[in-house]
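Enquirer: The residues making up each chain are set out below.
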Amino acid sequence: MHAVKAEPQRDVAGLVREHQAEVWRFLRFLGATPELADDLTQETFLQLLRAPFEDQGRHKRLAWLRTVARNLFLKSFRRPPMLPVDLDAAEAAWTGFARDDGGEEWRQAMRGCLDQLEGRAREAVRMQYEERKSREAIGAAFRIGGDGVKSMMRRIRELLRRCVERQVSA
Amino acid sequence: MNEHNDWQDRVVDAALRELHGERAPDFTESILRQLQAGTAPTPVPASPPPRRGRRPGLVPLLALGAVCGAAAAAILFAILPVTQPQGVRQVARVELAVMVGAIECSAPGVLPEPEPPFRLAAGERRDWNIGTGSRLMAVGDGEVDMLVRPFGVVTTLPHTQLEVRSMERYVKNGVAAAGAVTLAVVAGAVTWHTLIRTERAEAGGQLRLEKPADGPDTGELAALRQQLLLQQQQNAELQHRNQELETQASRTVLAPPAPAAARPDEPALAPVAAGPTFDDPKYRDALAAVDWKAMGAVSNEMTPMLAKLLEVLDTPGAELPVDVAIQVQKLNQKLIEQLPGLMKAGLPGYGPNGVFTNPLVVGNSLASTLQAGGQPLSANQQAALANLLAGFAAENQSIHDQPRDFDLEQFAAETAMKDRMYASLSDQLTTEQRNAIYPEGSTRFDGGSLFATGVTMRPYADAIVSDNAGDFARMASHKLEQQLGLDEATSTQVRQVLEQAMLATPDLWRDRASPVELGSNSFMRAGRTAAALQAQVGWMRQIASNVSLTPDQRKKLFALKRVYVPVPR
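Keeping their order, the protein sequence lines are chains G and H.
So the mapping is simple: the numbering used here equals the position in the first sequence, first residue as 1, plus 22.
So the mapping is simple: the numbering used here equals the position in the second sequence, first residue as 1, plus 565.
If you are wondering where the hints come from, they were derived from the structure by calculation, not from laboratory data.
Being a predicted model, the structure only gives us computed values, none of them experimental.
Any given hint might turn out to be false.
Stated by the list, open to error - In silico EDC-like pairs for lysine to aspartate or glutamate, Cα to Cα no more than 20 Å straight-line: (1) Lys-172/G / Asp-578/H; (2) Lys-909/H / Asp-844/H; (3) Lys-155/G / Glu-587/H; (4) Lys-1121/H / Asp-706/H; (5) Lys-858/H / Asp-845/H; (6) Lys-873/H / Asp-888/H; (7) Lys-1120/H / Glu-974/H; (8) Lys-82/G / Glu-44/G; (9) Lys-858/H / Asp-844/H; (10) Lys-1121/H / Asp-1052/H; (11) Lys-82/G / Asp-33/G; (12) Lys-1044/H / Asp-1032/H; (13) Lys-1121/H / Glu-1053/H; (14) Lys-172/G / Glu-140/G; (15) Lys-155/G / Glu-583/H; (16) Lys-97/G / Asp-108/G; (17) Lys-895/H / Asp-844/H; (18) Lys-82/G / Asp-706/H; (19) Lys-97/G / Glu-764/H; (20) Lys-1044/H / Asp-108/G; (21) Lys-172/G / Asp-574/H; (22) Lys-155/G / Glu-145/G; (23) Lys-1120/H / Asp-970/H; (24) Lys-172/G / Asp-571/H; (25) Lys-82/G / Glu-40/G; (26) Lys-1044/H / Asp-972/H; (27) Lys-97/G / Glu-57/G; (28) Lys-1044/H / Glu-764/H; (29) Lys-82/G / Asp-1052/H; (30) Lys-899/H / Asp-856/H; (31) Lys-155/G / Asp-578/H; (32) Lys-82/G / Glu-974/H; (33) Lys-847/H / Asp-966/H; (34) Lys-82/G / Glu-1053/H; (35) Lys-1044/H / Glu-140/G.
Chain G extracted, bound-state conformation (with noise of 0.2 Å):
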């Protein structure tokens, strides 16, 4: 009989500490407010310190993580905003994103991107993000709808995307 054997003694906090940022990011990716990622992050990690988890190494221990995080997510909704499938889908595009290096090698990237940015675009970047200015607020400093900043957004962080993808690929 091979019973669930309990875990040898880990550094807690050294995993804690390796993994949380990911975790976190993972959850506020997905949709969940800082609030619910802070406290979905404590529970995830509480369940891989509480359970017998027989550790295969960072790759699998990030995997397991994600898993449970997103079920945490999933279970946190009355009615959930989205299904496991599509779940599936913003799991493989954040381990795209996310890598080996926890996505540094794309932030490097965007920092580089970023800084091509000219005009307009440059601005509606800096108000959104930096700012964290509202979108009636960046629609009226550049006189268009809601709608329209939204639109302008996506346009502006799908010409990231693209340049990224050069450059990470490069």
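On the provided structure of chain G, position chain H as indicated by the hints.
Expert: Relative to chain G, chain H alone:
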């Protein structure tokens, strides 16, 4: 913008937020404090989300609820399901019957009589007294199929570990039985199949098993209503696609052949007893042990219900007939009861449903179903079917005995043979008999008919809703990465093979997903999984030949049982 691009957009959004100062807080101290305090697992809040910082006060509220619940339970214990009081280790009985693979079970600390660990292999069954903390582990490198009575068929991936987190008990004839069990998936993945629901949980998740409902006011009903809400939501979004389906409705695996000539003057045989109509000396005892009369009665009752259910699930705006859904599930349970005996006898077939669709089982089910419906096989029909079944049974045995590289090759060969078998058997029926066995709409979706290969497909089909070949390749390679334990570089190579294979099979992308395929019930358009299976055997061969895998990864690839089915969005 489609959903795939939406997630890509969110990736950029997340990166921009981080570059502009958004940071994750440090939770280390808080988590360590909670671990040291031994805080009970915290229930996840339902929305609205909590304020920043950890929520206080939920545990006392739940404890109060448990006290009130215990008082009510004391009065109603004898007649209603009883939720286990917190902090008291109660025991309830389930029955395990392993059909494929082997399991090990233990129930550490379960009171009042701790049960020693035990192992069950294929064909074995026994009662198991479980409590919170009881553990079940899949042994060996293969998937495990088991009947967990009263819940139904449960399938686990290799090396899956499950732990009972909570349960609801009810008392029947003085014995406490489990009415619902919540299992935590410690490792691997588990799927619970019923005819109308497929629930799956992976490591870190939980799965709730529920016995078929006895009445309308149950958790199952609530779950079905929840499914209905989701279904209606999806139906509304996809209504326009339904028009496309109308033109494709005739493309089915089992296209009804030309009606057999009516033979009104031919005498029907005397009503069959509970024994088999079609026998085989090798499996005589197993076939004799099945109550075919009861099987026929159940199939006869279920067949039109299934067709009706599928029709509703695929009709935008229609309301799910919950009573029909529950009745179908209960009837299916009666069919499942017969499976362990057949599997123990070694009737060849790919998994439990492969045995259920073994030619000998199909022939006897068909005869007893027609008998129950008042349209028994004539003597001539019986003789013709006996000849056909003997041929298909021999072919089935040969497929089963043939050594193969991939497990799924057997599944593909068996499915192709059984498609031919069902068509040949159908040819021998009169129009009335055929209409009874295949009521209108029953062959449009896998699982809609008990007399089609769709029932073998559903437990293994893993729908991947995707926009295009690249999208599918990314998601499927992600699943393979987890299943086979691939590193990133190998996973990338696998993805390339998958993408090329998908681009080379445009037929898989021809029919867009219908509403029922996007629902949570896992019903797939007839033929879609079979086509994906054929393609998968091809791309698995390419991976085995062209991608550098470790011996362990190769072994897992050969033993893979999941069929990744592209479902074009």
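Enquirer: Taking the hints in turn, state whether each one holds.
Expert: Okay, the hints, checked on the actual structure:
1. Lys-172/G / Asp-578/H: 12 Å, holds
2. Lys-909/H / Asp-844/H: Roughly 17 Å separates the two Cα atoms, so the pair holds.
3. Lys-155/G / Glu-587/H: Judged against 20 Å, a Cα distance of about 15 Å means the pair holds.
4. Lys-1121/H / Asp-706/H: Holds, at roughly 8 Å.
5. Lys-858/H / Asp-845/H: 18 Å, holds
6. Lys-873/H / Asp-888/H: 12 Å, holds
7. Lys-1120/H / Glu-974/H: Since the Cα atoms of Lys-1120/H and Glu-974/H sit roughly 15 Å apart, the hinted pair holds (cutoff 20 Å).
8. Lys-82/G / Glu-44/G: 14 Å, holds
9. Lys-858/H / Asp-844/H: Distance ~15 Å between Lys-858/H and Asp-844/H Cα, so the pair holds.
10. Lys-1121/H / Asp-1052/H: Satisfied, since the Cα-Cα distance of roughly 14 Å is no more than 20 Å.
11. Lys-82/G / Asp-33/G: 17 Å, holds
12. Lys-1044/H / Asp-1032/H: The hint holds at about 17 Å.
13. Lys-1121/H / Glu-1053/H: 17 Å, holds
14. Lys-172/G / Glu-140/G: 18 Å, holds
15. Lys-155/G / Glu-583/H: Holds, at roughly 16 Å.
16. Lys-97/G / Asp-108/G: 15 Å, holds
17. Lys-895/H / Asp-844/H: Since the Cα atoms of Lys-895/H and Asp-844/H sit roughly 28 Å apart, the hinted pair is violated (cutoff 20 Å).
18. Lys-82/G / Asp-706/H: Roughly 19 Å between the alpha carbons, so the hint for Lys-82/G and Asp-706/H holds.
19. Lys-97/G / Glu-764/H: Roughly 15 Å separates the two Cα atoms, so the pair holds.
20. Lys-1044/H / Asp-108/G: Holds - the C-alpha atoms of Asp-108/G and Lys-1044/H are around 14 Å apart, at most 20 Å.
21. Lys-172/G / Asp-574/H: Satisfied, since the Cα-Cα distance of roughly 12 Å is no more than 20 Å.
22. Lys-155/G / Glu-145/G: 11 Å, holds
23. Lys-1120/H / Asp-970/H: 10 Å, holds
24. Lys-172/G / Asp-571/H: Within the cut-off at roughly 13 Å; holds.
25. Lys-82/G / Glu-40/G: It holds: about 14 Å lies between the C-alpha atoms, which stays within 20 Å.
26. Lys-1044/H / Asp-972/H: 18 Å, holds
27. Lys-97/G / Glu-57/G: 16 Å, holds
28. Lys-1044/H / Glu-764/H: Given that 20 Å is the threshold and the Cα spacing comes to 17 Å, the pair holds.
29. Lys-82/G / Asp-1052/H: Given that 20 Å is the threshold and the Cα spacing comes to 10 Å, the pair holds.
30. Lys-899/H / Asp-856/H: Holds, at roughly 11 Å.
31. Lys-155/G / Asp-578/H: Distance of about 15 Å is within 20 Å: holds.
32. Lys-82/G / Glu-974/H: 29 Å, violated
33. Lys-847/H / Asp-966/H: Distance of about 15 Å is within 20 Å: holds.
34. Lys-82/G / Glu-1053/H: 11 Å, holds
35. Lys-1044/H / Glu-140/G: Cα-Cα ~40 Å, so violated.
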